Amino acid sequence: MKIDPKELRQLLESILYVYGYDFTEYAEASVRRRVDNYMNIKNIDAPEVLAKMILQDEKFFEEFVQHVSVTVTEMFRDPGFYRSLRENVMGRLATYPFIKIWIAGCATGEEVYSVAILLKEAGLLNRSVIYATDINQKSLQIAKEGVYPMDNMKTHISNYQKSGGIESFSEYYKAKYNSVMFDKSLKQNIVFAPHNLAVDTSFNEFQLIICRNVLIYFNQQLQNKVINLFYESLCPLGFLGLGSKESLLFAEKKKYFDDVDRKEKIFVKAR
Amino acid sequence: MADFKQAYQAIVIGSSAGGLHALSSIFELLPADYPIPIMVVQHRSKDHNALLEEVLQAKCVIKIKQADEKEIISPGCVYIAPPDYHLLVEDNKTFSLSSDPPVHYSRPSVDVLFESAAQVYKKQLIGIVLTGANSDGAEGIIEIRKNGGVTIAQSLLDADFVYMPRAAIQTLQVVHVWTLKEISSYLLNLIR
Numbered sequence: 000m001k002i003d004p005k006e007l008r009q010l011l012e013s014i015l016y017v018y019g020y021d022f023t024e025y026a027e028a029s030v031r032r033r034v035d036n037y038m039n040i041k042n043i044d045a046p047e048v049l050a051k052m053i054l055q056d057e058k059f060f061e062e063f064v065q066h067v068s069v070t071v072t073e074m075f076r077d078p079g080f081y082r083s084l085r086e087n088v089m090g091r092l093a094t095y096p097f098i099k100i101w102i103a104g105c106a107t108g109e110e111v112y113s114v115a116i117l118l119k120e121a122g123l124l125n126r127s128v129i130y131a132t133d134i135n136q137k138s139l140q141i142a143k144e145g146v147y148p149m150d151n152m153k154t155h156i157s158n159y160q161k162s163g164g165i166e167s168f169s170e171y172y173k174a175k176y177n178s179v180m181f182d183k184s185l186k187q188n189i190v191f192a193p194h195n196l197a198v199d200t201s202f203n204e205f206q207l208i209i210c211r212n213v214l215i216y217f218n219q220q221l222q223n224k225v226i227n228l229f230y231e232s233l234c235p236l237g238f239l240g241l242g243s244k245e246s247l248l249f250a251e252k253k254k255y256f257d258d259v260d261r262k263e264k265i266f267v268k269a270r
Numbered sequence: 000m001a002d003f004k005q006a007y008q009a010i011v012i013g014s015s016a017g018g019l020h021a022l023s024s025i026f027e028l029l030p031a032d033y034p035i036p037i038m039v040v041q042h043r044s045k046d047h048n049a050l051l052e053e054v055l056q057a058k059c060v061i062k063i064k065q066a067d068e069k070e071i072i073s074p075g076c077v078y079i080a081p082p083d084y085h086l087l088v089e090d091n092k093t094f095s096l097s098s099d100p101p102v103h104y105s106r107p108s109v110d111v112l113f114e115s116a117a118q119v120y121k122k123q124l125i126g127i128v129l130t131g132a133n134s135d136g137a138e139g140i141i142e143i144r145k146n147g148g149v150t151i152a153q154s155l156l157d158a159d160f161v162y163m164p165r166a167a168i169q170t171l172q173v174v175h176v177w178t179l180k181e182i183s184s185y186l187l188n189l190i191r
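Going down the list, the sequences are from chains A and B.
Sequential numbering of the first sequence, starting at 0, is according to numbering that gives the first Met the number 0.
Sequential numbering of the second sequence, starting at 0, is according to numbering that gives the first Met the number 0.
Read the hints as simulated data drawn from the structure, not as lab findings.
It is possible that some hints are incorrect.
[Claimed, not checked] Derived EDC-like pairs (lysine to aspartate or glutamate); straight-line CA-CA distance at most 16 Å:
no., chain 1, residue 1, chain 2, residue 2
1, A, K51, A, E12
2, A, K252, A, E231
3, B, K45, A, E73
4, A, K51, A, E62
5, B, K62, B, D46
6, A, K1, B, D90
7, A, K161, B, D46
8, B, K121, A, D3
9, A, K119, A, D44
10, A, K224, A, D258
11, A, K153, A, E73
12, A, K5, B, E52
13, A, K137, A, E61
14, B, K62, B, E27
15, A, K1, A, D44
16, B, K145, A, D3
17, A, K173, A, D150
18, A, K41, A, D56
19, A, K262, B, D46
20, A, K119, A, E86
21, A, K186, A, E120
22, A, K161, A, E86
23, A, K262, B, D67
24, A, K119, A, E170
[Claimed, not checked] Facing chain B, according to a computed beta carbon distance under 7 Å, are these residues of chain A, among others:
no., residue
25, P4
26, E27
27, A28
28, N212
29, I215
The structure presented is a predicted model; accordingly, all values stated were derived computationally and were not measured.
Quick reminder that beta carbons are idealized off the backbone N, C-alpha and C, glycines included.
The task is simple: from the sequences and hints, build the whole structure.
Below, the structure written as C-alpha cells:
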C-alpha cells in the first residue's frame, strides 16, 4: 500500500512536531516515493503503522530520516560544470588570500573531493577551507572517510577527463580490494559538518557556494528561503553553483545575481 | 470540449530503444492545441542534452519541450523528462525532478513518472508503454490501473523492441494493445 498525499502531510507534520525535523517544505512527490520505498523495504503495509512506529521509536525514526534524506551523486557530475569552474571561477578565487567554500548538501562527498582536486590543480588547495555539509549523518560519515567502490571509478575518471582534468587521476587515490580511498592531502582542508538547510542559519561568509541537486527536492518557498540563505552567506562577488536543472527563477534574490555561465548554472552575487 | 477534460487530464508515455520513431509518429499527428498535456520518459544518454526535443519538434506542430522543475503542466505541450533526472508530478500539477538512484538502470525512469502521475490524476490518466528493451514501465502500468486510469501498450508486432511493451502486457493490467496507428487515432478521437 502506498501513502497518499494527505497521509504524507500528516506524517511530516507530526515528525516536525515531535522531532523538529522539517520535511514539510520538501517537494512531495519525491518524499512520497522514498516513504513508499521505505515501507516496502520494511514490509510495512499501512501508512498509519509507519507513522506509529516513527512517532513511538526514536531509533526507528532516525533510520527513517537517513533513508528519506539520502542523496546520491558522482565525482565531477556534469563535467561541463567543473570545466566552467576551472575556467571561470578558479582564477577569481586566486585573488583572495584565504578561500572559503561551502558545499551544501554534499551527500556522500564525491563532489567535495572533485572541488578539492580542482583547487589542488589550480594551486589553491592549501589556502582554502571547504565546509561540506549535509543533513544526513550517514552520508557525511561516508564523505568523511572518502572511500568509494571501485565499480564507480570508470565514470569518475571519464568525468574528470571531460571536466578538463589532465593529471593522472590515479594519483589522487589508493586502490585497495574493491574500494578506493582518496588521498589525505585532499582532505586536510575539508570540514565535514551536519547542517539542515530547511532550519539552520548561515555560519560563515564564503567566496563560493555549491549546492547541486538539492533544491530540486524542495518546494518553492523552501527554495527561496535557501537562496536567501546563500545570498547572505556569500561575500560580494561570491559565486553560487547549482545543479544543471536548477535555477534562480523563483527566488526573490534573483536580481542580485548575475550569470557567469548560464548553461552550467554558475552565478555571481552582484556587488 | 468540457467532456473529455473531465475524462482525461494527462497522458504519460514511456519508451526506450526505438522510441524516437514511435514518439514522432504519434506526435506528428497531434494539433498544436491538443488539450491534454503529454509527459514522456524516453530513456536517453545524458550526453545528448537537447537533441531529442529538437529532433521531435522538427517533425511536429505541437510544442515539444524538456520539462523544467516546478513548471506548471499545461495543455498543448509534450513534456520530455530531462536526461539524468527522474520526472515526477506533484499534487498541484507541477513537475518535480529527482536525482534519486536509477530504477531499472534508468534515470529518468518510466515507473517513477507513471507512479507519481497515477497518484495525482487517478482515473483521469492515460498511460502508454511503447517500444523498448527493458522492463521499466510495467510497475507504473499496474499503479495507473489500480487508480482507475487507462493503460495501453504498443502491440508486439508493431514495436521495434518488444521487451518493454511485453513486460507491461504481462502484468495483465494493460487495457488496450494497439499499433502506433491505433494509438494515434485513439488520442485524436478523444478530442473529437
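*Quick one: which hint numbers does this structure break? Sort them smallest to largest.*
5, 9, 10 and 12
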